[in-house]
Amino acid sequence: MAGFRLPRSVGLLSPSLGANAIFFVVPLVYFFVLSFLQVRSFQVVFDPTTSNYVRVLQQYSAPLASTLSLAVTVATIVTVVGFIYASACRFIGGSKGGWFLAIAMITLFGGYLAKLYAWRTILGENGILNTGLIELGLIQSPITALLYNNFAVILALTHYTLPLAILPIYGSLRAIEDLPIAAARDLGASDGRILKDIILPQCATGLFSAFAMTLLFVSGDAIAPRLLGGTSSSMIGVFIQDQFGFRVNAPMGSALAFTVIAGSAIILVLIGLGGTRLLRLGARP
Amino acid sequence: MNHRLLWAAALIVGTFMILPLLVLVFFAFSSSPLLRLPLEGLTFKWFLRLAETQGFLGSLTNSLLISASVGIASTMIGTLAAFGLSIGKPRFSGTYVSILALPLMVPPLVLGIAFLSYFSGLGLRLGLHATIIAQVVTLQPIVILIVVSRLSGFDWAAVDSARDLGASTWRTFIDVTFPMIRPTILGAALIVMALSLDDFIITFFTIGGENTLPTLLWGMMRKGIDPRMNACALIVVAFTLLLGVIAMRLTRNPD
Chain D
1 MAGFRLPRSV GLLSPSLGAN AIFFVVPLVY FFVLSFLQVR SFQVVFDPTT
51 SNYVRVLQQY SAPLASTLSL AVTVATIVTV VGFIYASACR FIGGSKGGWF
101 LAIAMITLFG GYLAKLYAWR TILGENGILN TGLIELGLIQ SPITALLYNN
151 FAVILALTHY TLPLAILPIY GSLRAIEDLP IAAARDLGAS DGRILKDIIL
201 PQCATGLFSA FAMTLLFVSG DAIAPRLLGG TSSSMIGVFI QDQFGFRVNA
251 PMGSALAFTV IAGSAIILVL IGLGGTRLLR LGARP
Chain H
1001 MNHRLLWAAA LIVGTFMILP LLVLVFFAFS SSPLLRLPLE GLTFKWFLRL
1051 AETQGFLGSL TNSLLISASV GIASTMIGTL AAFGLSIGKP RFSGTYVSIL
1101 ALPLMVPPLV LGIAFLSYFS GLGLRLGLHA TIIAQVVTLQ PIVILIVVSR
1151 LSGFDWAAVD SARDLGASTW RTFIDVTFPM IRPTILGAAL IVMALSLDDF
1201 IITFFTIGGE NTLPTLLWGM MRKGIDPRMN ACALIVVAFT LLLGVIAMRL
1251 TRNPD
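Just so you know, the protein sequences line up as chains D and H, in that order.
Residue numbering for the first sequence follows the numbering used here, starting at 1 and increasing by one per position.
Residue numbering for the second sequence follows the numbering used here, starting at 1001 and increasing by one per position.
The reader is advised that the hints may include incorrect statements.
Using C-beta positions, here's what the derived DEER-type ranges look like [said to hold, decoys possible]:
id, chain 1, residue 1, chain 2, residue 2, range
1, D, 192, H, 1164, 53 to 61 Å
2, H, 1180, D, 10, 19 to 27 Å
3, D, 80, H, 1053, 38 to 46 Å
4, D, 174, H, 1160, 28 to 36 Å
5, H, 1129, D, 196, 48 to 56 Å
Source of the hints: derived by calculation from the structure; they are not laboratory data.
Keep in mind the model is a prediction, meaning the values are calculated, not measured.
Idealized CB from N, CA, C, for every residue including glycine.
Chain D on its own, in the form it takes in the complex (with noise of 0.2 Å):
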């Protein structure tokens, strides 16, 4: 019977991986390959160059640094929070460790589009937040600052994906046994040694999936700058949209997509190699 286990595993996996291949994997190769292609009169024509490319690099490379930036800013925030969350969740035992899971599950669902619209409204002029401390008499008139800007998007895009990211720090928290840790502090470790040697190496891959998740997320989104930034906050989402709405130019939307991804990859392989180093060095005694 063993000879047939292959093939059988082979027949059940086969809808996954055809729904696979002609759904995401066709689609993302022509997407891949109309980057190189080229716009003439409304067509699309097959005349292969790497203009387009250079022309990301030279006319978006402002919106592209402040998007890889912004997106670095919130996956930080998001992996550190985040860590401290989870941490709660998986230390403070009893039911109240549940009751901080159970929060951090129950805001996983809810609504992409819901959860910016409710922070619109939060922080608008006449929002919330704004008659809210005028009716405390904390402020005379509304702030204006406070939405229509990166911060507003900060905000927004942290909300969003902090429940997403707690989840694989949870994980790989939840793996980490009792027992070293304490042993460590029977033998006298501090909180701090126990975290940076038995804790951080345990968790680097959650902590590590967390961050890439949000980065790529928060790179390639263009529905919070729209409806949270101001003009100035350009994010390269709103430009990959606008090519295939009035700009009428999917090649060049396929370009500019592809080096915001290529970017944050090339971010996520230096941290990469720096957390692994760090860990390294870390664990020396």
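Position chain H against the provided structure of chain D, taking the given hints into account.
Relative to the frame of chain D, chain H by itself:
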């Protein structure tokens, strides 16, 4: 570790995560058309106004139709794949899982646009079917990951005994394996349905002229402040939360 400090930090973060959702809930029932404090009175009128809005019922139907189709299709495909991975050689399953999980790593905007170009490049029509296909591909990895993790702790002894007693592969699956993992499969289906209902970006690029609740909400959001939006947002939130909470209870591991 300093538990009190950790507890205080988690309390602040937890409040930050849940407060915007509570704001949505309260203002969907606020009688004043202005979204400001203090709350004046409570009312259901925004829901009634929303129900009368042109296109609302169509969007609701589309949302439910897409969510149900995506839930069923991706759960079937994903569960089969998870079984394939669990009986295949462990050496390959890691690679397969990472290949199959790739759609989760691509930003939704890129996926949506890639799909749009692919469909228009092939000369295929956009619409509900395109949205369903796109969502199945992006959401089936979630089913695979959930079911694979359940099967990794699965006790195959019961399955082996059924086989030893002469049950066919199919009978074993129907009578033994499936009842054991049914909560997990149902939970995975509900999670996918919740994520499908919530999806805006991929739907926006693939649905053509149709609307779902999130794209309807988007249309209203671009026109300005309107309390019907709170009602619409709350319906999306309520649906996804309900599905999510049931799913969480079902998929909770027995350990």
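A quick look at each hint next to the structure:
| no. | hint | in the structure |
| --- | --- | --- |
| 1 | D/192 - H/1164: 53 to 61 Å | holds (55 Å) |
| 2 | H/1180 - D/10: 19 to 27 Å | holds (24 Å) |
| 3 | D/80 - H/1053: 38 to 46 Å | holds (42 Å) |
| 4 | D/174 - H/1160: 28 to 36 Å | holds (30 Å) |
| 5 | H/1129 - D/196: 48 to 56 Å | holds (53 Å) |
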